[in-house]
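Peer 1: Sequence:
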Amino acid sequence: MFSSDWSRAARLRMVRLRARMRATEPVPLPPYKGSTLRGAFGHAFRRIACAYPESFACRPCPLFSSCAYAYIFETAPPDVGTWMGTYQNVPRPYVIEPPDDVRTAYDPGDALELDIVLFGRGVAYVPHVAFALVEMGRRGLGARRGRFHLEAIASVRADGTLGPLVFNGETQQLATAHVVTVTGADLAEPASAGHPQRLRLSFVTPTRLQRDGHLVDKPEMSLLVRALLRRVSALLVFHQGEEPPTNVRSLLDRVDRTVRLVAQEIHWLDWERYSNRHRERMKLGGIVGWAEYAGEGIADVVPWLRLAEWVHLGKNAVFGLGKIAVSVEEGEAGSGMPTVGHVDRQTKRGEEPCAPASAKPFPN
Numbered sequence: 025m026f027s028s029d030w031s032r033a034a035r036l037r038m039v040r041l042r043a044r045m046r047a048t049e050p051v052p053l054p055p056y057k058g059s060t061l062r063g064a065f066g067h068a069f070r071r072i073a074c075a076y077p078e079s080f081a082c083r084p085c086p087l088f089s090s091c092a093y094a095y096i097f098e099t100a101p102p103d104v105g106t107w108m109g110t111y112q113n114v115p116r117p118y119v120i121e122p123p124d125d126v127r128t129a130y131d132p133g134d135a136l137e138l139d140i141v142l143f144g145r146g147v148a149y150v151p152h153v154a155f156a157l158v159e160m161g162r163r164g165l166g167a168r169r170g171r172f173h174l175e176a177i178a179s180v181r182a183d184g185t186l187g188p189l190v191f192n193g194e195t196q197q198l199a200t201a202h203v204v205t206v207t208g209a210d211l212a213e214p215a216s217a218g219h220p221q222r223l224r225l226s227f228v229t230p231t232r233l234q235r236d237g238h239l240v241d242k243p244e245m246s247l248l249v250r251a252l253l254r255r256v257s258a259l260l261v262f263h264q265g266e267e268p269p270t271n272v273r274s275l276l277d278r279v280d281r282t283v284r285l286v287a288q289e290i291h292w293l294d295w296e297r298y299s300n301r302h303r304e305r306m307k308l309g310g311i312v313g314w315a316e317y318a319g320e321g322i323a324d325v326v327p328w329l330r331l332a333e334w335v336h337l338g339k340n341a342v343f344g345l346g347k348i349a350v351s352v353e354e355g356e357a358g359s360g361m362p363t364v365g366h367v368d369r370q371t372k373r374g375e376e377p378c379a380p381a382s383a384k385p386f387p388n
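So the numbering used here is basically just the index in the sequence shown, starting at one, shifted up by 24.
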């Protein structure tokens, strides 16, 4: 079923890490924690990986090309001999997914769970991520620097279940052999059977989509696929050293002709963050809600959208923006949509994970 434009995207390598941290003192946090977590994680990562952590400038550093921090957080466009050779907005090889809740106060003993997804060569930096999270908890989060203890990290499989622990906070032991690497093909596997005719997309966090340089609030499928093709192509080229997907024009033409937006409940959610680099507050609003699509071309886009559940859609994904969830329905359009697809594919945070007998689940 999958055309040649998918075959390269199917090779994208990913690791999803789920970390559980527990507050050791009162911690006030904003309702949306993506920027706070990304900032604290970045500072902690620099502390454990950078040879000159007190120096602000990365690019002039003689160790820039071999530095783990520089690669993850200051990714520079390489000299790529493709159409992306002058691409300046290189996506970072990770995204942070903050907790789904909007609570603003964590008391001692409260748990906080977050996911970090690594892409391409970024999957080799699991040890750095683990010890950066330890350092982040030690340094504290939020304006009051409330501290957390990192209890555990586990890999998430393609079906959403958790594997054995990658990091045990009690023993401070790292088990890289337990890291589960997932590919685009693994995520698309459930979509390979049947003939889906209708799907629902939930825009879980603000999703920033652009057309001709302007943000839009109507999630047409052709716009989503174009944004996803750009993002996946850049991840493959810059972080996996592979050519981007081919034959994309035929996919886009088919989506334009055969996939319709049939229902939606979308609104714009404004979100701001303070940028230390730019010394100003930045507006990063986007669409949230849901949209339903129908048509013969649904089967062509399902594997791409399953991949988008991991790589995210649109701009500012490193903060967790552009998180989507996919539900599909087979048969004729117009019969209503179930809303269970996301739960089927991902372990709800805070619940007992589905792990094999050899795995030690997160402590309650």
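The hints are simulated quantities; they were obtained by calculation from the structure and are not laboratory data. As the structure is a computational prediction, the values presented were derived from the model and not from experiment. All C-beta atoms in this analysis are idealised placements derived from N, C-alpha and C, irrespective of residue type, glycine included. It is possible that some hints are incorrect.
[Unchecked claim] What follows is a set of in silico ranges between Cβ atoms, one per label pair, in the way DEER data are often shown: (1) T270 <-> E354: 52 to 58 Å; (2) G237 <-> D183: 37 to 43 Å; (3) P101 <-> H173: 37 to 43 Å; (4) N113 <-> A81: 39 to 45 Å; (5) H238 <-> D280: 27 to 33 Å.
Peer 1: Work down the list of hints and note, for each, if the structure agrees.
Peer 2: Against the structure, the hints:
Between T270 and E354 the beta carbon distance is about 29 Å. The supplied range of 52 to 58 Å is therefore violated. Between G237 and D183 the Cβ separation comes to about 38 Å, which falls inside the hinted range of 37 to 43 Å. Hint check: P101 to H173, Cβ distance near 38 Å, so the stated range 37 to 43 Å holds. Distance hint for N113 and A81: a CB-CB separation of about 20 Å, inconsistent with the stated range 39 to 45 Å.
Checked against the hint of 27 to 33 Å, the pair H238 and D280 fails, with Cβ atoms roughly 20 Å apart.
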